Amino acid sequence: MTLFQRILYAAALTAAAGASVPTLALAAEDGASLFQENCSACHQPKGQGVPGAFPPLAGNKFVQGDPKGPAYVLTHGRGGMPNFSDDLNDQQMAAILSYIRAAWGNKAQGPDATLVASVRSASAPPDDTGANLPFH
Amino acid sequence: MGELSDTGGYGFSRRAFLERLSGVGGTALLMAGMSALGFGIESAMAQPPALAGGGKGKKVLVLGAGVAGLTSAYELSNAGYNVTVLEARDRFGGRSWTARKGSKLTEVGGETEVCDFEEGYYINPGPWRIPYFHKGYLHYAKKFGVGVELFNNDNDQSPILYDKGAGPLAGKLVKKVEVSADMRGYANELLAKQVRQGALDAEFGPGDKELFLDYLRTEGLLTRDDFKYIGAEGREPAIYPGAGMDPGEGKWSKPYPMTDILQSSTWKVLRSISNLDQQRTMFQPIGGMHELPKGFVRNLKVNIKLQHEVKSITQDDKSITVRYLDTSTGQTGTETADYVMCCIPLSILRTVDIQVSPQFKEAIGGVSYALVGKIGIQMKERFWEDRHRLYGGHLYVDDPLISTISMPSTGWLGQKGVVLGFYPHGAAAARLSAMSLADRKAYALKAGSRIFPEYADMAEGSFSMFWHRAPYNLGGWAEWTEDGRKKYYPTLLEPQGRLVLAGEHLSYLTGWQEGGIESAWQQMQKLHALAQAA
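If you read the sequences in order, they're chains H and S.
Numbered according to this note's numbering, the first sequence terminates at residue 136, and the numbering increases by one at each position without gaps.
Numbered according to this note's numbering, the second sequence terminates at residue 534, and the numbering increases by one at each position without gaps.
Treat the hints with caution; some may be incorrect.
One-sided excerpt, in silico: chain H residues whose CB lies under 8 Å from chain S [claimed, not checked]:
{"hint": "1", "residue": "ALA32"}
{"hint": "2", "residue": "GLN36"}
{"hint": "3", "residue": "GLU37"}
{"hint": "4", "residue": "ASN38"}
{"hint": "5", "residue": "SER40"}
{"hint": "6", "residue": "ALA41"}
{"hint": "7", "residue": "GLN44"}
{"hint": "8", "residue": "PRO82"}
{"hint": "9", "residue": "PHE84"}
{"hint": "10", "residue": "ASP87"}
{"hint": "11", "residue": "TRP104"}
{"hint": "12", "residue": "ALA113"}
{"hint": "13", "residue": "LEU115"}
{"hint": "14", "residue": "ALA117"}
Because the hints were derived from the structure by calculation, they are not lab data.
Nothing here was measured: the structure is a model prediction, and the numbers come from that model.
Every residue, glycine too, gets a C-beta built ideally from N, C-alpha and C.
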């Protein structure tokens, strides 16, 4: 390619490299604190949600079901929910998911960071991601 | 200009044809003629739809007194419809709002906040700037005598503080003008060198190589004979010129090494031109964004019923009925009409019990709304002007929780002013909005203090708001995905019996008041067509 094209290509590579660095650096924290900081603004501090807008997490079947479902929502977003893939790493997401799946009367366990990582790189949602969500 | 003099098969030149049009029919016909000839210049005159035949007293309920609702109420009532507006809040205007002393907001699940600015100071927590081509907005601003002033949307003097880059400039304050002059200078110098050596001869048609070199030299501010970048007069001088011998002619500043700028990522603020809706200068209404809704209401002869929350919409072949809750009394009631123009955001409409087809219902739920918020901080002195020579514009930071710090484009050279302290979106907005009001302000002050040492000391009152936590909004604006646009958007544009929707969500100008206005203009024509056919 011409020098000009090489210059542009180099600039594009630099830009791409910059974009892959997580933008919200956090010290490793427990799931409860991470939930409070990142999630409670919408889902509310006790996971009760806001009717029609932000689904409740407490008593939520989707949240307590196959962990790939809520992990996909965190990594890819869904509906009104932004994806947090640039802001939370696999450990942090696993901590939050484990917390919400066992808090407020919920009775599920895990996932671990490995599962989150596998879902993060998935290009399609796991089955029934839509069907079980109580709100769009 | 060659096109205009080409006779192109006509018996006369295109220029003569156009001049004749202009003589006969005036500017509108000239514009239409130019459009027909393929020049693609639309008439800059914006007009609401004509609604020929009038409303004949048919009853329309407009739901929502935001900008789309006010536009609908104004035009439909002027056309002779009998219009009543139901608005959930205790004020009109919707997102087009100005927070000033005493303005109050309780976020969902949050603290109640009362704006503690002094009299005369404000922040626009929702829309805050108007692009030049928002013809509907400017039409009503002109019509209602709402004055506008220039909004500085791009200040070359703006500091950039990027922490996430590398090299000696990471975490250092640099100015946009420095980065812009240096990157353009170096890039053009590098390219000029190659061109002059003949490396790119194959790229140029006859004569173009010399012209291209001239462009590089002009645009990159290169030296005349050597095509070198050695800095520029306009690049924040080390010593500004003045009188006598000292400062005398002043002193140019020294460019940063190119590798330092590249490493720092500060070049990411540069673009050759802005996005369509982000020109360097824009407008804002004088006195705050709420001035346009006030303009509508001054000129509206219809009943706006505040504190009327819509609970359900039902219809049959004869009429359409809205059940509401009057939150001032706690009583429910109904209003029946021939048609409903529903200008409620979809984020709220999905909680209303409406009698529509399953596809329509699914479509209403098929769009997400932006997580977004702002903080305005009143400063006891305009230190950014007095001490830092910054007049309007935005500062560049790479903390997404802050996203931007912006200086006001009003009250120039006055005593005090309100600074926008953060404007985050998405996940960053979720995080910042989880903080208490006090913590949000503290976060903003800490960030600003890294750029202006006096920032925290100068701070007085403040007001922060996040739209995803605002009652009756639960989101800043509609954010359509590509799938949603294909699958749901066309459905929502069509009337459902006697119900027609309108709002920024039904436009490609989401998040802009113009989207609401132009959607209302289009959608009221559909309502009118229904009424005419009935």
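Now for the hints, and whether the structure bears them out:
no.	hint	result
1	ALA32	13 Å, violated
2	GLN36	6 Å, holds
3	GLU37	6 Å, holds
4	ASN38	5 Å, holds
5	SER40	5 Å, holds
6	ALA41	4 Å, holds
7	GLN44	5 Å, holds
8	PRO82	4 Å, holds
9	PHE84	5 Å, holds
10	ASP87	4 Å, holds
11	TRP104	15 Å, violated
12	ALA113	19 Å, violated
13	LEU115	21 Å, violated
14	ALA117	18 Å, violated
In terms of the numbered hints stated before, the structure departs from hints 1, 11, 12, 13, 14, listed from lowest to highest.
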